[in-house]
Amino acid sequence: MNRRGNSGSSLTKTKLNIIDPHSKGGRLKIKFKDVAGLHEAKIEKLGAKLPKGALLTGPPGCGKTLLAKALAAESSAPFISMNGTEFVEMIGGENSFGIFDDEIYDNRFGSGSGEEEQTLNQLLVEMDGMDSAQGIIALLRPGRFDRHITIDLPTVLERKEIFELYLKRIKLDHKPAYYSRRLAQMTPGFSGWFPFTLSGADIANVHSIIHDYPCLLLCKGAEKRSRTLIEEEREIVAYHESGHVLVGWLLEHTDALLKVSIIPRTSAALGFAQISPRERKLFTKEELFDRMCMSLGGRAAESVVFNRITTGAQDDLEKVTKSAYAQVKMYGMSERIEYLILGTF
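Under UniProt numbering, the first residue of the sequence shown carries the number 1, and numbering increases by one thereafter.
Since the hints were made in silico from the structure, they are not lab data. Be a bit skeptical, because a hint or two may be false.
Taking lysine-lysine pairs in the BS3-like style, the calculated list, with each CA pair at most 25 Å apart, reads [as the list claims (entries may be wrong)]:
no. : residue 1 : residue 2
1   : LYS329    : LYS319
2   : LYS285    : LYS319
3   : LYS281    : LYS329
4   : LYS69     : LYS168
5   : LYS319    : LYS281
6   : LYS259    : LYS329
7   : LYS259    : LYS319
8   : LYS322    : LYS285
9   : LYS281    : LYS322
Pairwise CB distance ranges (calculated) [unchecked claim]:
no. : residue 1 : residue 2 : range
10  : LEU246    : TYR325    : 22 to 28 Å
11  : ASN307    : ILE337    : 17 to 23 Å
12  : ARG308    : LEU172    : 23 to 29 Å
13  : LEU342    : ARG234    : 38 to 44 Å
Cβ coordinates follow ideal geometry from the N, Cα and C atoms, glycine included.
All chains should be modelled from the sequences, with the hints used to inform the complete structure.
This is how it looks when you write it as structure tokens:
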């Protein structure tokens, strides 16, 4: 799209991605029903009062762009998709459009000339519907992006829906629900982008996913069988990981165990015990204590079996130290100082 300003000077040719759902072949195929999870965000989008702007926030890969595409199709209105760096090439004067600015914060505080910030500020002023003498960018000022929608990482139920959406596209021995529950439990903390990271062979062979290979590849790194361990080291690693498993099995407030391995990984780990953490926000003092005990189970096994300790518990000790400090400094769980929080305010 080639435009000229009032001064008549030539400006950079700008090619905008404008999608008209009414034009032939231009209809967006993604609808709200095609977006798994994000139930709260979709309800917010269906509000009766039309906001001037909506700001979607959240970690990458959680569906902000996908949700915006679905909104364009549901609203049956022209929709412009832009990146923050493209604002410098945009000039007003056209009719109203829906504009989705992907990752507007990326370069806001860079060392550029400021032209991008001035153009973005002008866009925000136009959203106000009146002239403004304010010379700073205020994204969250009332009347601009007055609808803020947080897109969080998917819960276990939402991950189950996401996997079912992908598994419906391939031929399986069982229904997608047969596999989706296990996959959702294996991927705590993963975004909805995870299925895209799997190869076509992995998706087609869903049993390979069930046996943890892609999940372990992202969580723990790939197997590094070329890293040979001497017999003594292999025995120590085996008892170390068994210590985690045994303590976790005996204690009440520990998470379910998924897999144990003594094969070295590219993440420098000589072995690991993979658990499936419960997605909770509140933990009791007893639960935190049991988790610390499970982390120290490997070091305890080394001491009991070999009557000596090794450097293999470094990661475990870091986790325990952080948890212990947090209980005293942040959670007020110390019996001596009780309700005081220690630290900067």
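Report the numbers of all earlier hints that the structure fails to satisfy, in ascending order.
6, 11 and 12
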